[in-house]
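**Student:** Fit chains B and C to the supplied structure of chain A, relying on the hints for placement.
Protein chains in written order, with the numbering used here: chain A, 1 to 362; chain B, 363 to 588; chain C, 589 to 838.
It is worth saying that the hints were derived from the structure and are not from the lab. By construction, the Cβ of each residue, glycine as well, lies at the ideal position given by its N, Cα and C atoms. Heads up, some of the hints might be wrong.
As the list claims (entries may be wrong) - Going by beta-carbon spacing under 10 Å, a handful of chain B positions derived as facing chain A: (1) SER403; (2) GLU486; (3) ALA489; (4) THR490; (5) ALA493; (6) GLY494; (7) PRO495; (8) SER498; (9) VAL502; (10) ARG508; (11) GLU538; (12) LYS539.
Claimed, not checked - Below, a list of computed lysine-lysine pairs in the DSSO-like style, where the Cα atoms sit at most 30 Å apart: (13) LYS539/B / LYS626/C; (14) LYS378/B / LYS723/C; (15) LYS378/B / LYS648/C.
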Amino acid sequence: MNAAHGIRARFTLDYPGFRLEVDLALPGRGVTALFGHSGSGKTTLLRCVAGLERAGQGLLAVNGECWQDSGRSLFVAAHRRPIGYVFQDANLFAHLSVRRNLEFGMKRVAASERRVALGQAVELLGIDHLLERMPDRLSGGERQRVGIARALLTSPRLLLMDEPLAALDLKRKNEILPYLERLHDELDIPVLYVSHSPDEVARLADHVVLLEQGRAIAQGELRETLARLDLPTAFSEDAGVVVEAEVAGHDAHYHLTRLTFPGGEVLVSQRPEAPGQRLRFRVHARDVSLALQRADGSSITNLLPARVEAMVAADTPAHVLVRLDAGGTPLLARITRRSADQLAIAPGQQLWAQIKTVALLG
Amino acid sequence: MIFDSADLAAIWLTVKLASVTTVLLLLLGTPLAWWLARTRSTWRGPIGAVVALPLVLPPTVLGFYLLVAMGPNGFIGQLTQALGLGTLPFSFAGLVVGSLLYSMPFVVQPLQNAFAAIGERPLEAAATLRAGPWDSFFHVALPLARPGFVTASILGFAHTVGEFGVVLMIGGNIPEKTRVVSVQIYDHVEAMEYAQAHWLAGGMLLFSFLVLLMLYGSRFRQGWQG
Amino acid sequence: MRRVRRFCTALLLCLPLAATADEVQVAVAANFTAPMQKIAADFARDTGHRAVLAFGATGKFYAQIRNGAPFEVLLAADEQTPARLQEEGLGVPGRRFTYAVGRLALWSPRAGYIDPEGRVLADGDFRHLALANPKTAPYGAAALQALEHLGLRARLQSRFVQGENIAQAHQFVASGNAELGFVALSQVFEQGRVTHGSAWIVPAGQHRPIRQDALLLRRGEHNPAAQALLDYLQGDNARALIRTYGYQVE
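One chain only, chain A, in its complex shape (with noise of 0.2 Å):
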């Protein structure tokens, strides 16, 4: 990666207890995802980056300029980093209008800086309705949306955000998620976004830093990383995989719409795109399941020719993982010790992959 087009961050924080240690080297541009439990130390980080935090061993640099190096008593303060932040329950100013807090940050930016206008912002989060409403007067999703957009009214050179869905239900989570996915594809600003919810990582992110006690015990590619195996085991019962396919066609008279992937395809319920765009899907673990013969006669419609790869242990004693590859497109299989031993799995094996079910993401 060419350092001025990426991000490199190196700290070392010590508080009672807790110990980030981390050195990464993030790509400039997309999604990257800080992924990890609470207490991972991905919060922590965030706010490093953002300035809000002054880790005592430091060095930053994001795209080319530095932002901390403590080897040169470096520390560009919070407010003077062109970034734009996210938090987790949008901390709006109590005090002010939904449309002075939007103004707030924009017009501390020089004119000649902005990149991004007020009325698009605004039409980007559909919340034109609320401008003149105080953050008081706002439900939680309409309140994360404004302190979306007002992080985006600085016309930031990094966007972070901070669990922005985690503080509200599964409802305004939907609400916000084609936002977010519109921010990602419209605006060409890197993002780094924490979260704990492998869904949320799995339709947004485009990178993944998996994030433990303070450490980083892997990142790369969202696809490739997620199919890992050598993470660790408490990641293993949410462990699955994500497929980028395309719409091949709908069967209405089943209800059915065809996607299709390097390796294979799938039939779904049927979906609203047409047919040659794109779509993700997450394909967890535990719902995959192996057989030696192609089963004609069950009830799982997708199956998938499949080649084993590896084998660890999983998240219990009775479960292993396998990871395979179908034809191009790597899964993983949760399944049983026993099974395993049954079906006598080893690498290279060929075998059938079937699949239960797809999670669609958006």
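**Tutor:** Just chains B and C now, with coordinates in the frame of chain A:
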């Protein structure tokens, strides 16, 4: 006329003293309260205790020490004399100094509580929106602390109006300079002019009640940041 | 057994004392503080009664007595207040007398500041002249009369600082905040001379005599200790002591 000219002079002087004291206390107390609300310094405890002292000290103790300290041989007196200001007792300026100390906790503590209640988070939000420390202070912290300022102003003013012990000690009962309403009431009582004492004392009572009514009334009006 | 008997004997010996040793609540004018403390001590020694003393401004005592304060004897700083209480039925008829005639002094803690004729009043460049509030304190009223007699009242009025009572006037001067002031001679006088600083004892003819009256209050009418105290005040021992503080006695 219920009030004679001496009463009116005392009322006017009291209003003037309370206004000057309140304005000065807001100016001096705001940075102090901000510091007390946010510092992690070991001085926070001792300084906070000194600020709260007038709450528990009898005003006569404060007045007595001020009389001695501001006198020609006291350290404040030495300082004011060296600056060519003379000594402060028996002057309006002296009363202002006394009132500043006497009413300080009534201004600093509501402000300190208001600043503490705001917490770190709005200021962090401001920082990520390009606002520097001063900018944040004036455009985020001060407006958010507004209920605290309302309370501090009302309490500071009202408490100064009610001041007696300190004024008695350092005032010298000089008409239009140091004879405030509370002293005037005391004089009326001592001189057995009970009717006049009643009018002034009743007026004070009414004033204090109205002030508190304003305070508690405004608590309900402030929808956000109760 | 012997110890028990000894204890009982001691107890019996105490009984007659306890029966006659009463307490009397006394309100004392501030200027009479120092002599009264001595008198109370002597009184206790000589009679076994205890005088509980409260010091303050006469006007305040008046208001308190009218409103039920538990004083049995009043030693006022003037003669008007006891007379008024008596008229109002709060005093015992026939038990009012002048226990001391106060003298006024112009005093400064600085030695030599005040000349023996008090000319400093006319010539001095002092900023503040302390006196007790003339409206409420007899010594303040006397000070004003003396200044009028000297023809200096109008000229000096702007330099007045008033204490609520004579004790506070003394404090203003003692702390140096006022260069000089009119105080009760008793406050700066002991054993027949001025204790420290310099003073001019204002001639008695320059103001109305400050007659300080004692009064037996209704509450003390049947208290033997109150009666005893009034008698004691008129005795030779007390009169001699009062005189050493610069008061005149009749």
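**Student:** All the hints need checking, so say for each whether the structure fits it.
**Tutor:** Taking the hints in turn, this is what the structure says about them:
1. SER403: Since the shortest Cβ distance to chain A is 18 Å, the answer is violated.
2. GLU486: With a minimum Cβ separation of about 5 Å from chain A (threshold 10 Å), the hint on GLU486/B holds.
3. ALA489: This hint holds: ALA489/B lies near chain A, its Cβ roughly 4 Å from the closest one there, short of 10 Å.
4. THR490: holds, 4 Å
5. ALA493: Holds. Min distance 6 Å.
6. GLY494: Because about 5 Å separates GLY494/B from the closest Cβ in chain A, which is inside the 10 Å limit, the hint holds.
7. PRO495: holds, 8 Å
8. SER498: For SER498/B, the interface hint holds, since the closest Cβ of chain A sits about 8 Å away, which is under 10 Å.
9. VAL502: This hint holds: VAL502/B lies near chain A, its Cβ roughly 6 Å from the closest one there, short of 10 Å.
10. ARG508: ARG508/B check passes; min Cβ-Cβ to chain A is 7 Å, inside 10 Å.
11. GLU538: Interface hint status for GLU538/B: violated (42 Å vs cutoff 10 Å).
12. LYS539: violated, 42 Å
13. LYS539/B / LYS626/C: Status violated; Cα separation ~40 Å.
14. LYS378/B / LYS723/C: Distance ~25 Å between LYS378/B and LYS723/C Cα, so the pair holds.
15. LYS378/B / LYS648/C: holds, 29 Å
The structure does not agree with the numbered hints 1, 11, 12 and 13 stated previously, though it agrees with the rest.
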